[in-house]
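Enquirer: Throw the hints in and build the complete structure from the sequences for me.
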Amino acid sequence: MENHVLAKTYEPKEVEEKWYYYWEGNDLFKASTKSDKPPFSIVIPPPNITGSLHMGHALNNTLQDILCRYKRMNGYNVLWQPGTDHAGIATQNVVEKDLALKGTDRHQIGRERFVELVWEWRGKFGGMIINQLKRLGSSCDWSRERFTMDEGLSRAVREVFVRLYDENLIYQGDYIINWCPRCHTALADLEVEHEDMDSFLYYIRYPLEDRQGYLTVATTRPETLLGDTAVAVNPEDERYKDLSGSYVLLPVLNKPIPVIFDRYVDKEFGTGALKITPAHDPNDFEVGNAHQLERIRVINEDGSMNELAGPYQGMDRFECRERILDDLKSSGLLEKIEPYRHAVGHCYRCKTMIEPLLSKQWFVRVGPLADKAVTAVKDGKTRILPSNWEGVYYEWMNNIRDWCISRQIWWGHRIPAWYCQGCGEVIVAKEEPRVCPSCKSKNLRQETDVLDTWFSSALWPFSTLGWPDSTDELKTFYPTSVLVTGFDILFFWVARMMMMGIHFVEDVPFRDVYIHALVKDEQGQKMSKSKGNIIDPLEVLDRFGTDAFRFTLSVLAIQGRDMRLSEERIAGYRNFINKIWNAARFSLMNLRDCRPPSLDNGNLTLADRWIMTRIGQVAEQITQHIDGYKFNDAASTCYQFVWHEFCDWYVEMAKLELYSRDRKRREVAQSVMQILLSGVVRLLHPFVPFITEEIWQRLPHTDGSIMVAQFPQPTEFLSDDESIKEMDLLRGVIAGIRNIRGEMNIPPRRDVRIVIDVKGSRERQILEDNLHYITTLAKVESIDIVSGIEKPDSSATYVFGDIQVHVLLKGLLNYEDERKRIYKEIKKIEREMDVSRKKLANKDFLSQAPPPIVEDVKEKVALMGVKLEKLNQNLTTLEELK
RNA sequence: AGGCGCGUAGCUCAGGGGGAGAGCGCUACCUUGACACGGUAGAGGUCACGGGUUCAAAUCCCGUCGUGCCUACCA
21 MENHVLAKTY EPKEVEEKWY YYWEGNDLFK ASTKSDKPPF SIVIPPPNIT
71 GSLHMGHALN NTLQDILCRY KRMNGYNVLW QPGTDHAGIA TQNVVEKDLA
121 LKGTDRHQIG RERFVELVWE WRGKFGGMII NQLKRLGSSC DWSRERFTMD
171 EGLSRAVREV FVRLYDENLI YQGDYIINWC PRCHTALADL EVEHEDMDSF
221 LYYIRYPLED RQGYLTVATT RPETLLGDTA VAVNPEDERY KDLSGSYVLL
271 PVLNKPIPVI FDRYVDKEFG TGALKITPAH DPNDFEVGNA HQLERIRVIN
321 EDGSMNELAG PYQGMDRFEC RERILDDLKS SGLLEKIEPY RHAVGHCYRC
371 KTMIEPLLSK QWFVRVGPLA DKAVTAVKDG KTRILPSNWE GVYYEWMNNI
421 RDWCISRQIW WGHRIPAWYC QGCGEVIVAK EEPRVCPSCK SKNLRQETDV
471 LDTWFSSALW PFSTLGWPDS TDELKTFYPT SVLVTGFDIL FFWVARMMMM
521 GIHFVEDVPF RDVYIHALVK DEQGQKMSKS KGNIIDPLEV LDRFGTDAFR
571 FTLSVLAIQG RDMRLSEERI AGYRNFINKI WNAARFSLMN LRDCRPPSLD
621 NGNLTLADRW IMTRIGQVAE QITQHIDGYK FNDAASTCYQ FVWHEFCDWY
671 VEMAKLELYS RDRKRREVAQ SVMQILLSGV VRLLHPFVPF ITEEIWQRLP
721 HTDGSIMVAQ FPQPTEFLSD DESIKEMDLL RGVIAGIRNI RGEMNIPPRR
771 DVRIVIDVKG SRERQILEDN LHYITTLAKV ESIDIVSGIE KPDSSATYVF
821 GDIQVHVLLK GLLNYEDERK RIYKEIKKIE REMDVSRKKL ANKDFLSQAP
871 PPIVEDVKEK VALMGVKLEK LNQNLTTLEE LK
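Every letter in the first sequence is one number past the one before it in our numbering, and letter 737, counting from 1, is 757.
Heads up, a few of these hints could be off.
[As the list claims (entries may be wrong)] As a list, the in silico EDC-like pairs of lysine to aspartate or glutamate whose alpha-carbon atoms are at most 20 angstroms apart:
| no. | residue 1 | residue 2 |
| --- | --- | --- |
| 1 | K33 | D562 |
| 2 | K540 | E587 |
| 3 | K371 | E355 |
| 4 | K863 | E879 |
| 5 | K460 | E445 |
| 6 | K745 | D854 |
| 7 | K887 | E899 |
| 8 | K154 | E37 |
| 9 | K844 | D854 |
| 10 | K154 | E314 |
| 11 | K28 | E44 |
Rather than coming from a laboratory, the hints here were simulated on the basis of the structure. Note that this is a predicted model, so its numbers are computed, not measured.
Expert: Written out as structure tokens, the structure is:
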């Protein structure tokens, strides 16, 4: 125990680093595979190595840490599994930028060297976010940190790939994929962001081959006409019935292409005639397949036009569009242009406009996997919370499309497939094959594509635990207890982990999925670099301290609603942290000479019994709230209790005991104070770990870290309902006197005299026993307790139930103010009574409402009646005096 | 186009069939021996609008308006 007085203001910087080292150094974050305790496990949503801590991470990890610390204190063997993901495209982009600065590029240095450089980059910068997570106080088991590209996880990736391929759940094929010409790779459908853009609908005339006239098509992408292989119309469309079997001439290239009939075409849109470009549009691709059309790809992977684009070869796709339009205009084939707004796909990494391209790629056949993942949630094996996200999950799973998993980049898990240069055989294997099993050729070349990063992330809950080996970790901690994440990766990640976990480990990856909100700015806007409205969590940590920040995030973590974060809000909770600090400071100052605590009911004051009962109730509420992922309710309950019950009332009342010359009284108060403070910091610890450890360590008669102390159980304290009622009475009387002082503007230095008129003997007893609290807290000179007297002269009166508190104000009473005060009170009560009286006058209410409700209303009317009567008497007396 | 959510005190939001709540802000007073990152008191709301169910609706249902987000291959 340290004896010197605590600083007046809490200084987070000094405290945070010290305790984090202490926790980590003492292995307090470590999980065990040999423990009798029940397991509790969470896998971290792996931040990507290019990232820096943002608000989303801060919230996500704060919530996970709250759960982990709470569970540890409740006696669980907790594994919080940390790690990072390799973020294929993003990381490759970062390193490529570096190369560009040095005047080179990856093609010049070659694949092998490039991958080496990425590993070097990762070694230097990839751990940054991990240190930032530590600053947040995250209690991950860092000894188990994993990386999606490390050896074990790579082995899991190969195992999964090969098994899915063998089960015919991975296939390779030519399909239209989303191509990012800047990142130079295919993207999965999910990685495409659709954005509404102002554009034009161009009406282009395709001359009929065998007669005069045109067939006019409407398109948003005139440049793709170079790859057209047909024009389609609806077979039901009367306008075009006579075109059966005919051809039109493709403008510019003057090539005949057939008119085909397909129900897919919407008669109402445009002209009802649709140009078909099977190599550059997913729908056209389908139509093309149905009609065995040729697929002509006219755009290169860098977005330029290729040799099949004839005169436009070498132009960029956007330039080509302009040139074609010019040419169409001059040849009279451009009928008209209409403004048109429609959704255009963009790369989620670099925002470049996506080019749908025909390309050979690897796909996962997700249908069968998705079915099982849906069933698991339907059967309640995994709960998705809040439950409205379940619907979103089903909706997506039921409409799922095959997943394009190959990426044309170098950084990632290279696809374990080899092509035999001799016979063309495709070999998929965990280890590199020496010879072709079919033709025995040794000339094999490995697939150059790598896998989508999410492919490895999908294995995270079991690959990090050692799968495919049957490890103790897997046996102890799988399925994990809960996954905490944002809805933005529900499809990207959660759904895929569900599919893979069920398929490969034969059980769901998590029991609960808790979906938390997005963090937005004060205006409710998404934070983004381009908007410049980012609040940097690291700056917040510096300015306000980790605990203040974590507490703010907890209070704002309301289920199902995005949070608006502002600095004022954080400053407000910084004040709360300081309040905790000062409450502890006061307590510890008075505990220097204390003995080990014990609760001797016989000697407890009303305040003691009350606060000991309240903290038990609060412990129970907080437990319920955390168990239900109601972080905001849990944090608010802490706030209200600590500030408005512990500090506002208990500390003030305990001062009388602690400053008492009666040693026994002081000792009792010290006992209660120790138990109370110990309970408070333990309740708060999951939310604000640093300050609570600091206080815990200074608290007499505690040992070890608060991290491993028992979370408060209601049974540690008292359950004394009478004390609650008695305190309500006491607080009501004190509040009444304060109210009059405030309203009447009685200077604080002016001690006033009070007469309390109380009939009930029990109530009288309570007040008499606690007179010293009233005099001190209401700053009163003296109190007389009487029964059934006339209202004293020059008094202001507060009516509390059937108790009247007369404040004697000789020479200070402003009659007009007092009259107004009472009148206002009367009006308020009358309004309330009206409502209740009407209810009682209603036969239906009396007969149909539940009896306890009716009783309540009757009781309320009776109480209000008494109060009203007294108020009216007081008013009359006052007017007579006037 | 569908789906989900939101509209409650000046601001940010809890609550969710029977007495309108919190934080911040605001007003007045207070250098009280834990804390001015503090204390005491106070002002402030036909709970978006219109219907319906009910003895009773801010709360449940339907509709309207406003607003946000997600999903989607109509060129």
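Enquirer: All the hints need checking, so say for each whether the structure fits it.
Expert: Going down the list of hints, with the structure as the test:
1. Among the hinted pairs, K33 with D562 is consistent with the structure: their alpha-carbon atoms are about 8 angstroms apart, no more than 20 angstroms.
2. Between K540 and E587 the CA atoms are separated by roughly 12 angstroms; this keeps the pair inside 20 angstroms, and the hint holds.
3. Distance restraint check for K371 and E355: the Cα-Cα separation of roughly 32 angstroms exceeds the 20 angstroms cut-off, and the hinted pair is therefore not satisfied.
4. Note on K863 and E879: the hinted pairing holds, with a Cα-Cα distance of about 18 angstroms set against a maximum of 20 angstroms.
5. Of the pairs offered as hints, the one joining K460 and E445 holds, with about 10 angstroms between alpha carbons and a cut-off of 20 angstroms not exceeded.
6. Among the hinted pairs, K745 with D854 is inconsistent with the structure: their alpha-carbon atoms are about 27 angstroms apart, more than 20 angstroms.
7. In summary, the hint linking K887 to E899 is supported, as the alpha carbons are separated by about 18 angstroms, within the 20 angstroms threshold.
8. The hinted pair formed by K154 and E37 meets the criterion: a straight-line CA distance of about 9 angstroms does not exceed 20 angstroms.
9. Of the pairs offered as hints, the one joining K844 and D854 holds, with about 16 angstroms between alpha carbons and a cut-off of 20 angstroms not exceeded.
10. Among the hinted pairs, K154 with E314 is inconsistent with the structure: their alpha-carbon atoms are about 57 angstroms apart, more than 20 angstroms.
11. For a cut-off of 20 angstroms, the pair hint linking K28 to E44 is broken: about 29 angstroms separates their Cα positions.
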